[in-house]
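Undergrad: Assemble the complex: chain A is given as a structure, and chain B must be docked to it using the hints.
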Amino acid sequence: MRWRYVLHVIGALVACVGMTMVFALGWGLWYGDGTAGPLAMSMVISVVCGALMFAAFRDPSFRRTPMTHREGMAIVALGWFAAGVAGGLPFYLGGTFHTVVDCVFESLSGFSTTGSSVLENIEAVPRGILFWRSLTHWLGGMGIIVFSLAILPFLGVGGMQLYKAEVPGPTPDKLKPRIKDTAVTLWKVYVLFSALETLLLLFGGMDLFDSLCHTFGTMATGGFSTRNASVAAYQSAYIDYVITVFMLIAGVNFSLHYLLLKGRPAALLRDPEFRTFAVMYLAFVAVIAVAVYMDGEYRSVADSVRYTSFQVASILTTTGFATADYEIWPGIAQAILLFCMFVGGCAGSTGGGMKVMRIMLVLKHSYHELFRLIHPRSVSRVKMGRIVVQDDVLRGVWGFFVLWIGLFVLAAFIVAASGVDVVTSFAASLACIGNIGPGIGMVGPTENFAWLPATAKWTLTFCMVLGRLEIYTVIILFVPEFWRK
Amino acid sequence: MRIIIVGAGEVGFHIAQRLAVENKEVVVIDKSPEALRKVAETSDVQTIQGAGSSPEVLEDAGIAQADILLAVTDSDEINLIACVFANLLNPNITKLARIRAGIYTNYKHLLTGDSVGITKIINPDEEVVNSVLRLMSVPGAVEINEFAGGKIRLLGMYLPPESPVVGARLMELRSRIGNDLGLVIAALVRDDKLIIPSGMDRIQEGDVVYFACDIREQEDILRRLGVHVEPVREVMIVGGGNIGYKLAKALDNKYYHTRILENRQKRCEFLSERLDRPIVLMGDATDQEILREENVHDMDMVIAVTGDEETNILTCLLAKSLGAKRTVTRVNNFGYMPLIEPIGIDYLVCPRLSAINSLLHYIRRGRIISSVSIKGEEAEALEAIALKDSPIVGKAIKDLDFPRGSLVLCFQRGGEIIMPRGDSVIEPDDRLLIISTRQNIPKVEKVLTTKVEFF
Numbered sequence: 001m002r003w004r005y006v007l008h009v010i011g012a013l014v015a016c017v018g019m020t021m022v023f024a025l026g027w028g029l030w031y032g033d034g035t036a037g038p039l040a041m042s043m044v045i046s047v048v049c050g051a052l053m054f055a056a057f058r059d060p061s062f063r064r065t066p067m068t069h070r071e072g073m074a075i076v077a078l079g080w081f082a083a084g085v086a087g088g089l090p091f092y093l094g095g096t097f098h099t100v101v102d103c104v105f106e107s108l109s110g111f112s113t114t115g116s117s118v119l120e121n122i123e124a125v126p127r128g129i130l131f132w133r134s135l136t137h138w139l140g141g142m143g144i145i146v147f148s149l150a151i152l153p154f155l156g157v158g159g160m161q162l163y164k165a166e167v168p169g170p171t172p173d174k175l176k177p178r179i180k181d182t183a184v185t186l187w188k189v190y191v192l193f194s195a196l197e198t199l200l201l202l203f204g205g206m207d208l209f210d211s212l213c214h215t216f217g218t219m220a221t222g223g224f225s226t227r228n229a230s231v232a233a234y235q236s237a238y239i240d241y242v243i244t245v246f247m248l249i250a251g252v253n254f255s256l257h258y259l260l261l262k263g264r265p266a267a268l269l270r271d272p273e274f275r276t277f278a279v280m281y282l283a284f285v286a287v288i289a290v291a292v293y294m295d296g297e298y299r300s301v302a303d304s305v306r307y308t309s310f311q312v313a314s315i316l317t318t319t320g321f322a323t324a325d326y327e328i329w330p331g332i333a334q335a336i337l338l339f340c341m342f343v344g345g346c347a348g349s350t351g352g353g354m355k356v357m358r359i360m361l362v363l364k365h366s367y368h369e370l371f372r373l374i375h376p377r378s379v380s381r382v383k384m385g386r387i388v389v390q391d392d393v394l395r396g397v398w399g400f401f402v403l404w405i406g407l408f409v410l411a412a413f414i415v416a417a418s419g420v421d422v423v424t425s426f427a428a429s430l431a432c433i434g435n436i437g438p439g440i441g442m443v444g445p446t447e448n449f450a451w452l453p454a455t456a457k458w459t460l461t462f463c464m465v466l467g468r469l470e471i472y473t474v475i476i477l478f479v480p481e482f483w484r485k
Numbered sequence: 486m487r488i489i490i491v492g493a494g495e496v497g498f499h500i501a502q503r504l505a506v507e508n509k510e511v512v513v514i515d516k517s518p519e520a521l522r523k524v525a526e527t528s529d530v531q532t533i534q535g536a537g538s539s540p541e542v543l544e545d546a547g548i549a550q551a552d553i554l555l556a557v558t559d560s561d562e563i564n565l566i567a568c569v570f571a572n573l574l575n576p577n578i579t580k581l582a583r584i585r586a587g588i589y590t591n592y593k594h595l596l597t598g599d600s601v602g603i604t605k606i607i608n609p610d611e612e613v614v615n616s617v618l619r620l621m622s623v624p625g626a627v628e629i630n631e632f633a634g635g636k637i638r639l640l641g642m643y644l645p646p647e648s649p650v651v652g653a654r655l656m657e658l659r660s661r662i663g664n665d666l667g668l669v670i671a672a673l674v675r676d677d678k679l680i681i682p683s684g685m686d687r688i689q690e691g692d693v694v695y696f697a698c699d700i701r702e703q704e705d706i707l708r709r710l711g712v713h714v715e716p717v718r719e720v721m722i723v724g725g726g727n728i729g730y731k732l733a734k735a736l737d738n739k740y741y742h743t744r745i746l747e748n749r750q751k752r753c754e755f756l757s758e759r760l761d762r763p764i765v766l767m768g769d770a771t772d773q774e775i776l777r778e779e780n781v782h783d784m785d786m787v788i789a790v791t792g793d794e795e796t797n798i799l800t801c802l803l804a805k806s807l808g809a810k811r812t813v814t815r816v817n818n819f820g821y822m823p824l825i826e827p828i829g830i831d832y833l834v835c836p837r838l839s840a841i842n843s844l845l846h847y848i849r850r851g852r853i854i855s856s857v858s859i860k861g862e863e864a865e866a867l868e869a870i871a872l873k874d875s876p877i878v879g880k881a882i883k884d885l886d887f888p889r890g891s892l893v894l895c896f897q898r899g900g901e902i903i904m905p906r907g908d909s910v911i912e913p914d915d916r917l918l919i920i921s922t923r924q925n926i927p928k929v930e931k932v933l934t935t936k937v938e939f940f
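Sequence order for the protein chains is A and B.
Sequential numbering of the first sequence, starting at 1, is according to this note's numbering.
Sequential numbering of the second sequence, starting at 486, is according to this note's numbering.
Same shape as in the complex, but just chain A (with noise of 0.2 Å):
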């Protein structure tokens, strides 16, 4: 373990995310509203600070030898945080929170692509800060394809050594040239989807200012809103649809996608994972619209399928924005999009959750024992489609679940303990950990995150990062073997 190398590495990240403040600050210099300031200083602590740690630990040596597995995990989970705190300044210096937590809560949520809000009035804070805000959301969608494509994969971290061979780019052995083809392929179907939803949204009326900050939380399926009752603010079936197909486009493997633009479509279709997504989606929606209609909550049906759609869509996918509060809407329906929270986008997009992959994985796996139950003697596989899953990538699995779900209920715990009540402790760290953005009860699609204690928030802010990394990726860095020589 190199740390001089994580460190230098890790300035690097710290600049080029001092950098993209330059987009907020521009936005800052238009509309003349006085967030110019200390964007411009921020952007300045952070370029300074990263380029000085980047050249401190600088060693001729690093380009010898190759990353290593345990080098790759401490630079992205430390890197992560890093990146949180120097994304927190804008919000420090602008005076839109006062004190760190805040700051750092806002920042790690837009980072974690999680959505949660400790702002209570969005609509008061200033257009540079708010466009700083999404942005965080559409960097950290950057960071997470590319970690789950192409770091996760070949750390072979929690049964993503599955789509090893699904990647787009080339298959050497060597972590770094992986990374930075693979990277610069998906960013262009990242970029390119972006510019599409944006256009769309255009057209439907938003201004460029809003359409740019609503594609950025729905790419990197974040959920942050430049107004207090999200989406909902817009009272517009076109742009709610628009979203929705856009949140399932973001909650889809971006290799996927990049073989969908290479014309193959067939692909798309033929991928177990997502046909899962898919049917579990349209039956959600089925499911949750009737029950919406039956219990009156809609007048018509055309206003159910609009908000129930986009509401499964939003939760599937863990985006988190809002049109209707389900809060409100009858049990069967909360009772699904609480299980929609659990399990999340498919594996390798920007969603979170514990993903569908892993669902399907647990869920066979747990049959093919049941199996072996009533065949003793008989010899099968676990199979995604065609492809039988080795053993290494159910016990990844079986271990990421036990460990998501311990962690979730040990935060939870926590955030108890801190003096809220039970409904909202486990609801706050489900949306936390799954980067879900709203929970239920206190934070619910109406409510925000802001009164919670300073101890919750400290909590929920390691859980974004913590299940934004897939778990073991940070936890690994509290296991003492870690450190040792």
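Simulated from the structure, these hints should not be mistaken for laboratory data.
Don't take every hint at face value.
[To be verified] In silico contact screen, one side only, chain A against chain B (beta carbon under 7 Å); selected entries:
#	residue
1	H375
2	R377
3	S378
4	S380
5	R381
6	I387
7	V388
For glycine and all other residues, C-beta sits at the position ideal for the given N, C-alpha and C.
TA: Same frame as chain A, now just chain B:
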């Protein structure tokens, strides 16, 4: 006609014997002097000791004047090389090769293309799989053969005592089951003897009745004959070798509940990775415990296709005694064949016999396009095209001077299948399906062949 056979193993031996009986000029090549002596002792053939893959040996065997080369050693590679050299030495020769390995058979188009020019690749494993699948399609049939690309079926089966045709003379058949269905009784097996019947013969209880019919009418005919067909769904395959795997692959769909039993761990893993629905079980086929555990008494069919025929036979007997409805066993040794039915196994399949049958298609003189042995080898069904200048064209069926013991079952004119009556007249290019006892085959061939053709 000169035929060169490379390989005097079981297949080579039997083909040589069959062809020698039919007065063909046969040369057998093999490395082993014992195998050659065995062939020479039983049949009137010329033998040459040497490697079949060597062009020198092929030249010695008179490849330049030969009409057909059969490469039927147990080695795919030697068979291939023999065909390549035969192609170079005499491009006009008909080359038939027995090739089993998937690595070659998956590239059939290359092997049958211009450069190698193999006329037909015979894959006995594949044919065994097909014949098991056919048996499954009509459970209860003793034997099923297909002709005219699968349009005509020749079924052999026991009729239940309450069937309307039992006790009837063949000439009364149409009045018993209706005049609209095309059905021709091809043969009866009574007390283990095969009878090619005439209109005066009666169908008796306990006879195995062989009849030809259009595949589209098969269901109606079976119903009118009073045969109840219970579909096969629960299947157990014993032995996960090449044949077992291919069979399981063919049954890998929603309709069948298939289990495949195999005793090697590695092979089990191979199977479970490639098969989707069939259940792969590891264990010995002769272990009663595992058969009971997997409810062998509920099986509609148990198919034993391991490489070891004794295991196959014992497994089938065991399965039968535990209550399996029907059993199929794979046998290699021809000596066991007469045993199978008396001891209570329902069907046997034999890769070598399949290979011999396929090879015979191509050797028949004239324009006989396919032939199948029925009831072991006592009779053959032949498929033939009536050539324009053949003496049979223009004649009514009843006027053909076919020897007794041979019968025209049906013919195909264009796409139509015609079940003939005595006064049906044969037109040029009709495809005839003929059944004949073995002794009469040369006579039937003579009737079918044009007068001007000499060998």
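Undergrad: Which earlier hints turn out false for this structure, listed by number in ascending order?
TA: Hint 6 contradicted; others consistent.
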